[in-house]
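Chains as they are written, first to last, in this note's numbering: chain A, 1456 to 1781; chain B, 1456 to 1781; chain C, 70 to 403; chain D, 70 to 403.
Please keep in mind that the hints were generated in silico from the structure rather than gathered at the bench.
A couple of the hints might just be wrong.
What the hints assert, rightly or not - DSBU-like cross-link-like pairs, simulated, lysine-lysine; straight-line CA separation at most 35 angstroms:
| hint | chain 1 | residue 1 | chain 2 | residue 2 |
| --- | --- | --- | --- | --- |
| 1 | A | Lys1494 | C | Lys402 |
| 2 | A | Lys1707 | B | Lys1707 |
| 3 | A | Lys1775 | B | Lys1497 |
| 4 | B | Lys1607 | D | Lys402 |
| 5 | A | Lys1707 | A | Lys1494 |
| 6 | A | Lys1497 | A | Lys1607 |
| 7 | A | Lys1497 | C | Lys402 |
| 8 | B | Lys1497 | D | Lys215 |
| 9 | A | Lys1669 | D | Lys117 |
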Amino acid sequence: MPTVAYREALNQAMAEEMERDDRIFLMGEEVGHYDGAYKVSKGLLARFGEKRVVDTPIAEGGFVGVGIGAAMVGLRPIIELMTWNFSLVAADQLINNAAKIRQMSGGQFTLPVVFRGPGGSAHQLAAQHSQSTEALWAHIPGLKVVMPANPKDAKGLLKSAIRDDNPIVFIEGEVLYGDQGEIPEGEYTIPLGVGEVKRQGKDITIIGWSKMVKLALAAAEQLATEGIEVEVVDPRTIRPLDEELLVASVKKTGRCLIVEEGWPFNGVGAEIAYRIGKACFDDLDAPVERLTGADMPMPYNHHLEAQCVPDIARTVAAVKRLLYLE
Amino acid sequence: MPTVAYREALNQAMAEEMERDDRIFLMGEEVGHYDGAYKVSKGLLARFGEKRVVDTPIAEGGFVGVGIGAAMVGLRPIIELMTWNFSLVAADQLINNAAKIRQMSGGQFTLPVVFRGPGGSAHQLAAQHSQSTEALWAHIPGLKVVMPANPKDAKGLLKSAIRDDNPIVFIEGEVLYGDQGEIPEGEYTIPLGVGEVKRQGKDITIIGWSKMVKLALAAAEQLATEGIEVEVVDPRTIRPLDEELLVASVKKTGRCLIVEEGWPFNGVGAEIAYRIGKACFDDLDAPVERLTGADMPMPYNHHLEAQCVPDIARTVAAVKRLLYLE
Amino acid sequence: MSRIEREVVEPREKARSVDKAQLVHYYHQMLAIRRMEEALAKAYALRKFGGFLHLYIGQEAVAVGAIATLKPDDYVIATYREHAHAYAKGMPVKQIIAEMYGKETGCSKGLGGSMHLFDAARNFLGGYGIVGGHIPIAAGTAYASKYRGDGRVTLCFFGDGSVAQGAFHEGVALAALWRLPVVFICENNLYSMGTPLYRSLSVTDVSQKALGYGIARDRFDGEDVIRVRDRVGEAVRRARNESMPTLIEIRTYRFRGHSMSDAGLYRTKEEVEEWKKRDPIGYGRSLLEKANVPEAEIVAIETQVKQEIEEAVQFAEDSPELAFERLSEFTYKE
Amino acid sequence: MSRIEREVVEPREKARSVDKAQLVHYYHQMLAIRRMEEALAKAYALRKFGGFLHLYIGQEAVAVGAIATLKPDDYVIATYREHAHAYAKGMPVKQIIAEMYGKETGCSKGLGGSMHLFDAARNFLGGYGIVGGHIPIAAGTAYASKYRGDGRVTLCFFGDGSVAQGAFHEGVALAALWRLPVVFICENNLYSMGTPLYRSLSVTDVSQKALGYGIARDRFDGEDVIRVRDRVGEAVRRARNESMPTLIEIRTYRFRGHSMSDAGLYRTKEEVEEWKKRDPIGYGRSLLEKANVPEAEIVAIETQVKQEIEEAVQFAEDSPELAFERLSEFTYKE
Ligand SMILES: Cc1ncc(C[n+]2csc(CCOP(=O)(O)OP(=O)(O)O)c2C)c(N)n1
Ligand SMILES: Cc1ncc(C[n+]2csc(CCOP(=O)(O)OP(=O)(O)O)c2C)c(N)n1
Ligand SMILES: [Mg+2]
Ligand SMILES: [Mg+2]
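The following block holds chain A by itself, in its conformation from the complex (with noise of 0.2 angstroms):
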């Protein structure tokens, strides 16, 4: 199986898919000549050039609107957002518009379009640049919800999002970008709303998506060292979320802990926890706890940083204290 980078996972996905299907197009700030602000998009516009590939003004909301419309009549484009913190200027567009034209309209239209970028903090980017977005996307009924770990899943994920004649918001992780990882050779898709086991474990299971994953996957390793066996669980699809995988893992282990990045406030860690407080209420030894971003803006200061988003540590800790070892 070959190796490559998330972004090149994710360059690969569209890639493909743009070769497959010419009603795909890619738009977005900086895509093309560019070749991408974070190179997701590198090599795009020299191989399908500007028809498909298509650098916009600093006008979200526009072309977020740009991406729907084209969608209802009958394109399927994928509408880059430089960061999904500026996805925000676009916030009625994507809410008001995209989750709802096909229920407003008695099923007459349906969107199959994408809107990508990276999500959550990178380093020291302070308040305005360090957010993920996730709770409010997925609050909302008409969108599906996207957000790889790592090179596999962007690239099994991206195909099958780009295919699914939903909108759909597909967050990547601004500092998975340069991870490596195997991916299957030639064709492949992973199906929305399925998670993984990302580690086998008996003792506890932590659910976590996007680079939370790798979090929790070394908190794990450092564990497995002290003899505690820990399930590593990834959605990998917020909504529709795969509760089934979710609540089976948990009631095998018994206890749960969720590892959000995001704020904790109606964070997604909410609405999963409370769906497996109900569904493993009878086989939980411990209320399901949950180590999220800290509750507040996010700091520019690096220490400061680091302490407003989970790590090994606190992760290891919180295990420990639903083991009661500590």
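Assemble chains B, C and D with the ligands onto chain A, guided by the hints.
Chains B, C and D with the ligands only, in chain A's frame:
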């Protein structure tokens, strides 16, 4: 105690505060010459003049930003959103500016600004005009979210919100404006972050806010005739949340139903359910239940619409399920 | 009454070529729209349905004249005040009224209602409730036409109130930058809800905005269906042949309140009466008379329309509603 | 290199009155900004701090000349490329550099960083990271000045890229409608990140947008600090005396990449070199020479600035960081 309409209570709160402090002004669509789309600002233009009661064009992103700027330099704006459905075009201003400026500036700037208007569904307004946005705003650290259920709370909470030095999302019940209720004589305020037990009971706790309180009380009435004693608790402020009060009630009753008008996924109910599930892990006789709006855009047809929001029958049924009576 | 300066912006008005059949057709359409909305107002008063109801009465010549320039393949997108546009694009009265009644036989199966009429088959891309929010979508459908080279034109209707929205700016700017085949039609009825123009725009000549985007503009009064057709026609040709957008401001007036709940106290009786003298339907009738269309034929249209509406109302009354069980299939496509 | 058409828009350029002391002062400021950013670039390369770092090098005459027209009470608000504006408004170099280092002694206690410099005492209302998002805020501070009648003026700086944002449209439109005392200054450096003007705006003359709002406009090249001061001065007077906004487009150029991570491959070496011939600091020095400021004095400024920066860097290095325990108090005001 005088009896006034919810609408009138809000009007009194603004008038009294504007009388007291001339840094306060009201700005929004149709708030002045039209006396308010829902007549909440009735008479304020006549009383305070065009300087302090300002009609705006349809540019929520613009005048929400104006409110933020004016607050930064010491005024105390009240920005009316004709309805919270339209706040989405101002989402970036609310999330990236209002909620973060204090923190990004190292505490140099505070934002004493209230964003208020009606939320929730009314009657056959369809998908774009029938949304509960509290879950979105409550997710954001830096914002406070207030949702009064009756005239007394409406006046007391709005006065506190206007006096608060933080940006406040104040969501009124569009269908509550005409509700009559007693309010205390003269000057009073109700602190933000303090909930209220709206009805005492020992068998089960129903948690709801805004118009859901009314629904919960009606359901409680009906259940009382069957000998079921329901305690109805209203947090009144979603953020900060009066967790103590909610937990105390559930510890007493051992059962909890959360009734929420909005969408379920990452709803406010998810956060509350998680916190109660954790704090009351050993006290719950049944998992916390949520009765929420349907997980889909609001349909126009009135029968379908009615089935998409919690009602008395389904609330009663949910309570009985929780008490294993069905 | 603010009669618009006759400062005629290019394109100049052409010597008008009109044939009788067309006049009759436009008149029939305008009248059907008028009677349909009168019937809707009556049904609303009788609580046959709820929600908002924004009547177009007084503006009929705009939708009819503008859409008369289109081919069936062309796209139309509008606001919540879109009953006329849906009808002019070919949507049967039955489907419109049934939609208001919230019936499954409505164009949107009763899920959209008055503000959200949609008709995929006739390329009517919907009525939208967020002011200005549909303007970028119009740029998107025009983008698709250019992408495919299918020669289609998108007509985007919006009110004077939308001009203050960021979505107007972004949608028009992208269309201008990318030279998209779209015509932006601002139906300037002088008020956004209770707000007169001068309280919402620093420059009340909306067409001036075109200067900042470098696109063609036009501006004229909208009571004459033929003028509307001819002037909009110029812009449609520009879009179809040169793939260039145009911003058109058409001055018009709504005789009723903003919606059924609006008492309209912000306008004087005199002002409303003055404008009623320029009723597009009365004007259309005068055109028929000038063209010597026999009175009998005109009366026949009236009768025909009346019957059409009555049947449609009955159809709506008798139609079934969508079952709740089926609702979820409209949130996501399988 | 696109030298701007000399089409002089009103206000006409006045016969310039400049005194030596001012020239020296402006030169000192521009030089300090230049050296400060060079020091920041060095520190960034040494990984003294992370995040984005957007250098203003090449544009110094704009911030210095424009802000020279203000009184201490006036407000300034800018983008993430705001180091120069903060300095010109009076923020000590120490606080700027300490902020980049993320130290508690920084202007924003190390919570804001390079993109979010704030100084309440000096009425510097911040650097903002969302393109265009601060423009409505500027309308708000100007609104407050008019509300209070305090005679203050707000200067709002933004890049050419912001013009495509809905926030630009809404902010400028409200300022025009309400006649607010604000000056909108578009620092048109010909690129928004890697995108040249012609790919982001259908009309590359940004000042033309003023026509749609009915406000005064001006447009000129920005390498001459005196021209910037005089032309912006006209707009500041208009704001202060007539409470009318102005949209000014100042053509300038950034010599470095968009941020430290940008290789700038979208511009030719030749283009960059051509623009460097119009380095505002070189130009400022030539003005000093024309004014017969002795070479020794000019060298003295260089030495003084050098020392000032070195001390500031040391100060930043030695400063403490905010304790995590205190962080929560910055989210909400008690
Ligand atoms: C973003 C947004 N803000 C506010 C509203 C409430 N609203 C609905 S229609 C309307 C007035 C619109 O006036 P105009 O654009 O002139 O169209 P007209 O009703 O005159 O046809 C307002 C304020 C809305 N629907 N969307
Ligand atoms: C709404 C939004 N979209 C995208 C970005 C990413 N971004 C940051 S700066 C920039 C370019 C801005 O260019 P311009 O306005 O010309 O200012 P300059 O950098 O040239 O000073 C972009 C696209 C952002 N910060 N905000
Ligand atoms: Mg109007
Ligand atoms: Mg630029």
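Verification of the hints:
1. A/Lys1494 to C/Lys402: holds, 32 angstroms
2. A/Lys1707 to B/Lys1707: holds, 31 angstroms
3. A/Lys1775 to B/Lys1497: violated, 59 angstroms
4. B/Lys1607 to D/Lys402: Holds - the C-alpha atoms of D/Lys402 and B/Lys1607 are around 26 angstroms apart, at most 35 angstroms.
5. A/Lys1707 to A/Lys1494: With a Cα-Cα distance of about 42 angstroms, the restraint between A/Lys1707 and A/Lys1494 is violated, given a limit of 35 angstroms.
6. A/Lys1497 to A/Lys1607: holds, 19 angstroms
7. A/Lys1497 to C/Lys402: Distance ~32 angstroms between A/Lys1497 and C/Lys402 Cα, so the pair holds.
8. B/Lys1497 to D/Lys215: Measuring from Cα to Cα gives roughly 25 angstroms; hence the hint holds.
9. A/Lys1669 to D/Lys117: holds, 27 angstroms
Comparing the model with each earlier hint shows violations of hints 3, 5; every other hint is respected.
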